[in-house]
Amino acid sequence: MTMTPGLRKFALTAHLTFSVGWIGAVIAYLGLGIAARINQDMQTVRAAWLAMELTGWYVIVPLAFASLFTGLVMALGTKWGLFRHYWVLFSLVLTIFAIIVLLLHMPTVSFLAGIATEADEASLSRLGGDLAHPGIGLLVLLVIQVLNVYKPRGMTPYGWRKQQEERTVSPAVDTATESRS
Amino acid sequence: MNKVHALIIEIYPPNVVICVCNFSIIPGEIIMPQTHEGVDLESPPSTPRWVKIFGIIIIVLVLLFILLHLTGNSLGGPGSHTPSMEHGVQQP
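Protein sequence lines correspond, in order, to chains W and Z.
For the first sequence, my numbering begins at 1 and goes up steadily by one.
For the second sequence, my numbering begins at 1 and goes up steadily by one.
Please note: incorrect hints may appear among the correct ones.
A short, non-exhaustive set of chain W residues, derived as facing chain Z with CB atoms under 10 Å [stated by the list, open to error]:
(1) A14
(2) Y86
(3) W87
(4) F97
(5) V101
(6) L104
(7) I136
(8) V140
(9) V143
(10) V149
(11) P152
(12) T156
(13) G159
FYI, nobody ran anything at the bench for these hints, they're computed from the structure.
Built from N, CA and C at the ideal position, the CB exists for glycine as well.
The task is simple: from the sequences and hints, build the whole structure.
Take a look at the structure:
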């Protein structure tokens with residue numbers, strides 16, 4: 001099913017907003033993680049962990065799912081398809097991988113945020129920050145973004161077969177249209 | 001003689017490709033474009049090099065990530081400094 005140009009532009013706008021928003025939210029999360037790691041002030045560390053938990057559950061997770069959903073809509077609603085081009089396929093796999101890691105990691109963040117609210121000064125100073133997961137996650141999201149902007153050439157065997165099928169069907173449709181007129 | 005080698009213009013949607021291959025412009029003579037010699041249009045195109053390299057990198061990174069988590073390493077994240085044991089609480 002191919003979307004109309006107006007609908008396609010709307011879906012593209014939504015997809016760009018959610019995807020870039022996801023990257024921005026991860027950068028903000030990373031900033032909080034750095035603050036929790038390097039700051040000596042206990043109130044700041046505690047606040048950073050609480051903010052990381054809230055940012056994770058209420059901003060990053062919804063944006064991740066919204067980005068995946070709008071990406072699926074864009075792929076299936078346009079000629080690009082979901083499995084026809086390698087860059088789309090890689091984007092899908094990396095996005096799903098990032099979401100799985102995010103969902104597996106967020107309970108740990110909640111657990112540590114819970115500790116941060118109750119921990120004494122000595123325990124809080126050992127809590128540190130959360131840098132590795134958001135750092136690698138940000139790298140993965142930037143790779144996806146580069147793939148989406150540059151759209152490197154390369155059609156999957158499935159995409160090639162579908163293209164061949166469409167090419168063989170198209171002349172038959174044209175002939176049928178001409179004979180009717 | 002002016003010669004244009006394989007000028008390819010791609011327009012959205014992706015299957016609309018205008019291809020001008022090896023046009024030779026000689027005054028008073030029209031030469032038709034040459035055929036795609038050596039290009040087999042019946043078989044699928046070979047996998048691009050970037051796909052192979054990218055695929056290997058992704059597989060290695062995913063395996064490394066899974067291995068690190070299975071062995072209890074948390075990539076130097078907060079888990080390595082968790083004071084959970086002091087509180088007698090198990091991390092999820």
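Against the structure, the hints come out as follows:
1. Hint status for A14(W) relative to chain Z: violated, with the closest Cβ pair at about 18 Å, above 10 Å.
2. The interface hint given for Y86(W) holds, since its Cβ lies 5 Å from the closest Cβ of chain Z, which is under the 10 Å cut-off.
3. At about 9 Å, the closest approach between the beta carbon of W87(W) and any beta carbon in chain Z falls short of 10 Å, and the interface hint on this residue holds.
4. Interface hint at F97(W): satisfied, since its Cβ lies 7 Å from the closest Cβ of chain Z, which is below the 10 Å cut-off.
5. Nearest Cβ of chain Z to the Cβ of V101(W): about 7 Å, under the 10 Å cut. The hint holds.
6. Taken as an interface hint, L104(W) checks out: its beta carbon lies about 8 Å from the nearest beta carbon of chain Z, inside 10 Å.
7. Hint status for I136(W) relative to chain Z: holds, with the closest Cβ pair at about 7 Å, below 10 Å.
8. A cut of 10 Å between beta carbons decides the hint on V140(W): the least distance to chain Z is about 9 Å, and the hint holds.
9. The beta carbon of V143(W) comes within 9 Å of a beta carbon in chain Z, closer than 10 Å, and the hint placing it at the interface holds.
10. With a least beta-carbon distance of about 14 Å to chain Z, the hint placing V149(W) at the interface is violated under the 10 Å criterion.
11. Residue-level restraint check for P152(W) holds (minimum Cβ-Cβ distance to chain Z is 6 Å; threshold 10 Å).
12. Interface hint status for T156(W): upheld, as the beta-carbon distance to the closest one in chain Z is roughly 8 Å, under 10 Å.
13. For G159(W), the suggested interface contact is upheld, since its CB lies about 9 Å from the closest CB of chain Z, less than 10 Å.
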